[in-house]
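**Student:** Okay, here's what each chain looks like letter by letter:
There are 4 protein chains.
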Amino acid sequence: MKIVIGVMGPGDRASKTEIKLACEIGQLIAQNDWILLTGGRNTGVMDAANKGAKAANGLTVGILPSDRSVGISEAVDIAIFTDMGNARNNINVLSSNVIIACGMGAGTASEIALALKANKQVILLNAERESQVFFQKLGANNVFVARTPEQAIDLVKEILSNSPLKDRSPIGMQDS
Amino acid sequence: MKIVIGVMGPGDRASKTEIKLACEIGQLIAQNDWILLTGGRNTGVMDAANKGAKAANGLTVGILPSDRSVGISEAVDIAIFTDMGNARNNINVLSSNVIIACGMGAGTASEIALALKANKQVILLNAERESQVFFQKLGANNVFVARTPEQAIDLVKEILSNSPLKDRSPIGMQDS
Amino acid sequence: MKIVIGVMGPGDRASKTEIKLACEIGQLIAQNDWILLTGGRNTGVMDAANKGAKAANGLTVGILPSDRSVGISEAVDIAIFTDMGNARNNINVLSSNVIIACGMGAGTASEIALALKANKQVILLNAERESQVFFQKLGANNVFVARTPEQAIDLVKEILSNSPLKDRSPIGMQDS
Amino acid sequence: MKIVIGVMGPGDRASKTEIKLACEIGQLIAQNDWILLTGGRNTGVMDAANKGAKAANGLTVGILPSDRSVGISEAVDIAIFTDMGNARNNINVLSSNVIIACGMGAGTASEIALALKANKQVILLNAERESQVFFQKLGANNVFVARTPEQAIDLVKEILSNSPLKDRSPIGMQDS
Chain A
6 MKIVIGVMGP GDRASKTEIK LACEIGQLIA QNDWILLTGG RNTGVMDAAN
56 KGAKAANGLT VGILPSDRSV GISEAVDIAI FTDMGNARNN INVLSSNVII
106 ACGMGAGTAS EIALALKANK QVILLNAERE SQVFFQKLGA NNVFVARTPE
156 QAIDLVKEIL SNSPLKDRSP IGMQDS
Chain B
6 MKIVIGVMGP GDRASKTEIK LACEIGQLIA QNDWILLTGG RNTGVMDAAN
56 KGAKAANGLT VGILPSDRSV GISEAVDIAI FTDMGNARNN INVLSSNVII
106 ACGMGAGTAS EIALALKANK QVILLNAERE SQVFFQKLGA NNVFVARTPE
156 QAIDLVKEIL SNSPLKDRSP IGMQDS
Chain C
6 MKIVIGVMGP GDRASKTEIK LACEIGQLIA QNDWILLTGG RNTGVMDAAN
56 KGAKAANGLT VGILPSDRSV GISEAVDIAI FTDMGNARNN INVLSSNVII
106 ACGMGAGTAS EIALALKANK QVILLNAERE SQVFFQKLGA NNVFVARTPE
156 QAIDLVKEIL SNSPLKDRSP IGMQDS
Chain D
6 MKIVIGVMGP GDRASKTEIK LACEIGQLIA QNDWILLTGG RNTGVMDAAN
56 KGAKAANGLT VGILPSDRSV GISEAVDIAI FTDMGNARNN INVLSSNVII
106 ACGMGAGTAS EIALALKANK QVILLNAERE SQVFFQKLGA NNVFVARTPE
156 QAIDLVKEIL SNSPLKDRSP IGMQDS
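Residue numbers (the working numbering), protein chains in the order written: chain A, 6 to 181; chain B, 6 to 181; chain C, 6 to 181; chain D, 6 to 181.
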């Protein structure tokens with residue numbers, strides 16, 4: 006079974022910074038031979054991460070809220086059509102080995118919360134202070150903070166290698 | 006179509022205060038002839054709200070994560086078995102006219118976020134400062150704060166009557 | 006917990022006979038103090054069954070495929086909005102103590118099959134010979150055939166009373 | 006976007022013939038550079054189709070009913086964990102360009118019915134007469150019958166090429 010890294014983040018309301026970071030994250034995920042999983046839409050963080058991954062010849066999976074090809078990112082290789090709206094957010098997190106949240110919004114927040122409910126590790130990238138404080142209180146040792154895509158990837162590697170992250174102060178957690 | 010008020014909150018980790026508040030909220034919902042909707046399990050806020058509603062002869066609907074009667078609150082009249090785990094959280098909020106969150110946890114946070122994503126109004130009861138700050142930033146005018154069950158009910162009435170809550174400072178919003 | 010009887014059947018393509026039978030079945034369900042559960046839409050068997058139940062002062066639950074009130078039967082008391090299209094068919098059958106299929110169509114067939122998968126009992130009303138043959142082979146002792154609404158209700162009572170239906174030839178099974 | 010062919014069929018109750026056919030179908034799907042999609046479990050038709058596809062160096066996607074790796078076919082490359090039981094059957098069919106049903110059972114029947122509801126084309130392989138009669142009546146021009154894996158693949162090619170299958174008598178439809 007292949008390793009799947011989920012990248013979650015705002016759609017239409019994504020900032021330019023978030024789109025740039027998502028593109029970089031997608032590229033790095035592909036370069037590490039991991040599969041990229043997103044919500045699959047042709048906008049914001051989802052679209053940017055998929056484009057980044059394809060630029061590095063990665064494989065991309067999109068878990069769509071709809072039942073057809075309207076609104077799907079052109080950079081999605083394998084489209085899973087759920088037709089279940091935002092309830093598909095739970096599938097996004099259950100199917101990812103690690104989740105990277107790039108930016109924040111109501112949909113993204115639901116994915117982080119569902120990930121923590123499922124005892125999954127989440128890396129917050131470009132999260133504002135309020136989000137860090139809230140989710141680190143909510144998720145305790147399962148929430149990590151990265152300031153750059155490279156730091157996020159380092160954290161993914163540590164999580165995948167099952168290193169005892171909880172017992173020390175990992176890269177990128179100083180801010181939180 | 007009857008009015009449905011959703012009460013969301015922690016299960017096994019609910020505090021005594023949260024259980025007491027949930028019981029009172031359930032009772033008040035029944036007294037207002039609204040239907041109570043919860044996640045339906047026999048623990049924490051869900052169970053207490055259902056028991057409160059039944060004590061006041063209310064009607065209760067439980068949206069269960071499982072496919073059978075194991076773990077269901079005895080005070081649920083109508084059990085909807087989804088067998089879809091926490092993805093059912095989206096059904097909880099879509100089916101409620103207004104959502105009251107009593108306490109906080111990963112599941113509850115996912116429900117608030119999904120509610121805001123669906124443009125629903127959410128009332129936070131007994132929420133800590135970090136939660137208020139995070140969700141009011143996330144949900145802008147759709148998030149309200151109540152300090153008592155009575156305040157929460159007053160807010161429900163205002164929301165249902167479609168009064169222009171956004172243009173004034175409603176009861177219970179001072180803290181946020 | 007209240008007893009819930011699910012009535013499934015075609016929407017837009019329902020025949021006049023199916024609509025008449027659905028209305029009668031809804032009425033009989035209400036008269037037996039059971040709750041009626043349907044797919045909740047304002048068309049065909051769903052709408053007719055709900056109207057029949059309301060005419061007899063019953064309580065009706067609709068499990069909607071959508072996320073809002075568009076297309077919902079006026080005779081639904083409690084609307085559960087799933088926003089998950091036909092995947093909600095599984096919720097319909099899991100939440101019903103017994104399922105009555107009135108007429109046939111692709112959606113109805115999926116509900117019968119999902120019910121049998123979940124080891125639920127299904128009563129076929131006004132089913133054509135091919136449907137009876139197919140589902141009785143598929144579901145063995147869990148599929149029953151009724152020629153009239155009254156026969157269907159008698160079968161529901163027998164199933165609810167847990168009588169050993171399998172060891173004898175119940176009313177209405179002669180045709181199959 | 007890659008072409009995804011769904012193979013559905015019995016799990017534990019699959020016959021030796023069905024397992025053999027599923028393995029061959031999986032192999033042929035891979036040889037045509039299509040992606041294989043199944044329900045992902047380590048049993049019956051799902052497992053056999055995945056193993057066949059991997060033997061031919063194909064890429065396999067499994068849409069699991071559960072939330073973790075228990076019971077997953079070793080030959081699944083990309084596991085989508087839905088945690089929604091048989092409601093995931095709707096995702097299986099919505100995400101497949103064409104569906105091949107190999108054998109019959111309650112789960113398989115629900116997938117065929119959901120596929121027809123979504124206006125998808127379904128090929129029945131090794132289906133008994135009753136199943137052919139029932140589904141061809143239900144799905145009209147969207148249901149095809151194949152006697153061999155090779156015939157099924159020929160039908161997939163015709164469907165994908167959008168040839169006017171309805172206006173002539175395609176290979177393998179004589180029996181129905």
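Hints listed in this document are in silico derivations from the structure and should not be mistaken for laboratory results. Some clues are possibly wrong.
One copy or two, it doesn't matter: identical chains are merged, so the pair holds either way.
[Claimed, not checked] Below, in silico cross-link-like pairs of lysine-lysine (DSSO-like), each with a Cα-Cα straight-line distance of 27 Å or less:
{"no.": "1", "residue 1": "Lys59", "residue 2": "Lys7"}
{"no.": "2", "residue 1": "Lys56", "residue 2": "Lys142"}
{"no.": "3", "residue 1": "Lys25", "residue 2": "Lys162"}
{"no.": "4", "residue 1": "Lys142", "residue 2": "Lys125"}
{"no.": "5", "residue 1": "Lys162", "residue 2": "Lys142"}
Here the structure is a predicted model, which means the values were calculated and not measured.
**Student:** It remains to establish, for every hint, whether it holds in the given structure.
**Tutor:** So, going through the hints one by one against the coordinates:
Taking the closest pair of Cα atoms, Lys59 and Lys7 come within 27 Å of each other both inside a single copy (17 Å) and across two copies (13 Å). Taking identical chains as interchangeable, the C-alpha atoms of Lys56 and Lys142 are never at most 27 Å apart, the minima being 33 Å within one chain and 30 Å between chains. Within a single copy, Lys25 and Lys162 get their C-alpha atoms as close as 22 Å, which meets the 27 Å cut-off; across copies the closest is 40 Å, which misses it. Taking the shortest alpha-carbon separations for Lys142 and Lys125, both the intra-copy value of 15 Å and the inter-copy value of 25 Å come in at or below 27 Å.
In this assembly of identical chains, Lys162 and Lys142 lie within 27 Å of each other by CA distance solely inside one copy; the values are 23 Å within and 32 Å between copies.
When each numbered hint is compared with the structure, a violation occurs for hint 2 only.
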